[in-house]
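J.: The lines below spell out each chain.
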Amino acid sequence: MLHPNSNAFTAESTKAIADPQLQEALGVLRTQSIPNRLKAANNLAEFEQLRDRARDLKDHILGHLDQYLLQFEEQVKSSGGQVHWCSDAESARQTILKLCREAGAKTVTKGKTMIGEEIGINDFLAENGIEPVETDLGEYIIQLRHETPSHIIGPALHVTKRQVEETFREHHTDLDAGRSLEEPAALMAEARAKMRHRYFEADVGITGANFLIAETGSTVIVTNEGNGDLTQMLPKMHIALTSIEKVVPTLDDAMTLLRILPRSATGQELSVYVTFSTGPRRQIDPDGPKAFHVVLLDNGRSAYLGGPMQEMLRCIRCGACMDHCPVYHAVGGHAYGWVYPGPIGAILTPALVGVENAKHLPNASSLCGRCESVCPVRIPIPKLLRHWREEEFTRAITPATQRTGLGVWAWFAQRPAMYRLAARWSMRILRWSAGARGRFKSLPLAEGWTRHRDFPAPQGKTFQDQWRARSRR
Amino acid sequence: MPSAVQAKPPGGQKRVALFVTCLVDLFRPSVGFAAVKLLEQAGFTVEVPEAQTCCGQPAYNSGDRADAQAIARNTIAAFEGYDYIVAPSGSCGGMLRCHYPELLAEDPQWAPRASALAARCYELTQFLVDIAQLDALDATFPSRVAYHDSCSSLREMNVKAQPRALLGKVKGVQISELAETEACCGFGGTFCVKFPDISNSMVERKTADIAASGADTVLAGDLGCLMNIAGKLKREGSNVKVRHVAEVLAGMTDDAAIGDAE
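The listed protein sequences correspond, in order, to chains C and S. With this note's numbering as the guide, the letters of the first sequence map in order to residues -18 to 454. With this note's numbering as the guide, the letters of the second sequence map in order to residues 829 to 1090.
No lab work stands behind these hints, which were simulated from the structure alone. Predicted model only: the values in this text are computed from it and were never measured. Among the clues, some could well be false.
Unchecked claim - Okay, derived cross-link-like pairs now, SDA-like style, lysine to any residue, Cα gap no bigger than 20 Å in a straight line:
#1 K58(C) to D47(C)
#2 K364(C) to A933(S)
#3 K422(C) to P1024(S)
#4 K(-4)(C) to D1025(S)
#5 K442(C) to E878(S)
#6 K271(C) to D47(C)
With the hints as extra help, turn the sequences into a complete structure.
T.: Right, here's the structure in full:
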């Protein structure tokens, strides 16, 4: 498993805020991602009803997950493929290595897979002498830059066009140094040309899967570049690396989710490609892989079935929550320190790596609720963030200073007479210290506030005191 | 609530309990008096239950469920027996209306009491428009104002049209909408001091949006957001004034704006 660095969130977020290139790159969320999704949602009259249906569908699936996964496995087998059940990252890595060795693989092409990030497959394959080649443009860029994805559907979202150009010039040294890379299309064409022959060299193609269809044993990928098709069609073996909550009962159910996924993700009515893969190449097929494997990862997810966090498993990985999150807008994805950033990452990361290893993430939210308002499967993200906060409080992961402060405040808040007395005197003192200035530039114990803001002074007497004086008159 | 019915004043006026909110009580009592004035104008008898302190959100949002529950029970006990509960805050109103029932759902004795309270609880502008159907205001405020929607008003209480409708009845007010009305200002209760740099990045965007709107005054229905926005505007040296919307609606704008010198 990719080692979590989530407990460095506070320091990493401060660095991210001070990084002008990152801030420039993140601007696209507010200028494009948000308006694009809104337009797509408004253009489909039944969008809100579809969200309800999608939520209900996912809840139904999560209530019968074992049944649908077993049905899926049966169907994969009957079409000549194989399902590998992997309880953790290590078993998924070993399974993939074994399959790659069976195929005699030296090179593996890869479509985008966040599960691949979750199990750290690239480094593992490289350590074992197998070269992983990313074929998604964003993944290709960050592979050259030795970075991890910063967004679940836009892995290179943190990189500006100028930085991509620099990266390409640095790595593609065989090309004419005088070439123009001004236009995004030129960057795209160059990456395509560099990648094209790699598809033919590869012995194994690894993709993720957006959905697994129980009734047909198909895996489905939703892409825009066409790289996924080449990755899974050209090599002799296709491995779909995915996780257990991706299964849906029928093709119709997949259609329901397909109507909201691209609209929520990129604002497209449908992505450019939606590819269904069912088993290996048959006799009558002109092309396709000779072997078809599905590596099905649990990695701790099943422990949350039937519990208070189950709703997080509805996620269909559209990224709308991070696109709309003001904290993500401020710090980007890397500060979250593991695979899944943004609001969904802040609930999923503590679940999969342990809340003690991601203790800041559930707290780093103003609970503004915009994520929940756009989530296509209506995951109540603020409620689930509060769940982790309660877990941290109960297990004393919450810092002692905060617990003490909260305890003192709560003691007063439960004793109205004492509370009024404390309020009366503290506000008098504050008002007196502020004089006629109306605000403080700095204030003891309030550095967190006054580092960046003035602190407005109270007007003086509390409302309750004034109200009682008025009532006595 | 038989006791409430019996306690009704002879004129048959309905009784509103004002949940003044801890921030208004402590920092800006003039907002409380503005709320009282508006509710009385709308024909209600206003009472202020003495046993109120805070809605308990700091505990609830910090994971301290036991204290949040204890505070919720105290608040429910203090506010039962009124026709309506009104708060000059979407955040505290949202706590009473949306979160108390969840917080006490497992408590057979308190769950029905929490639900009964929740059903009678409103944010101030929401109450004035949706329940009181206040159609005229005696207020003048010649100003170009931007209205900041607090996240809890917007997404928990579904308050968006009401404050704008009321501002439309104030003489002289011109509304300049912010470009990003759905964006959080970065307050978030204890969030703003636990993650000051992120919170600052958020409020900087909000003040830039305010500056771009050309407004000379920012209004909102939540004092937390207002103190955050005012604090940032003052630090930036801005002349934009910051007030709670109730002050403008009640025509009570003689006090210095939030964070301004007297």
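J.: State for each hint whether it applies.
T.: Comparing the hints with the structure gives:
1. Proximity of K58(C) to D47(C) is assessed by CA-CA distance (about 17 Å); at most 20 Å being required, the pair is judged to hold.
2. In summary, the hint linking K364(C) to A933(S) is supported, as the alpha carbons are separated by about 14 Å, within the 20 Å threshold.
3. With a C-alpha separation of about 15 Å, the suggested pairing of K422(C) with P1024(S) holds against the 20 Å cut-off.
4. Distance restraint check for K(-4)(C) and D1025(S): the Cα-Cα separation of roughly 10 Å lies within the 20 Å cut-off, and the hinted pair is therefore satisfied.
5. For the hint pairing K442(C) with E878(S), the CA-to-CA distance comes to about 16 Å; that is within 20 Å, so the pair holds.
6. Taking the CA atoms of K271(C) and D47(C), the gap is about 28 Å. The hint is violated against a cut of 20 Å.
In terms of the numbered hints stated before, the structure departs from hint 6 and from no other.
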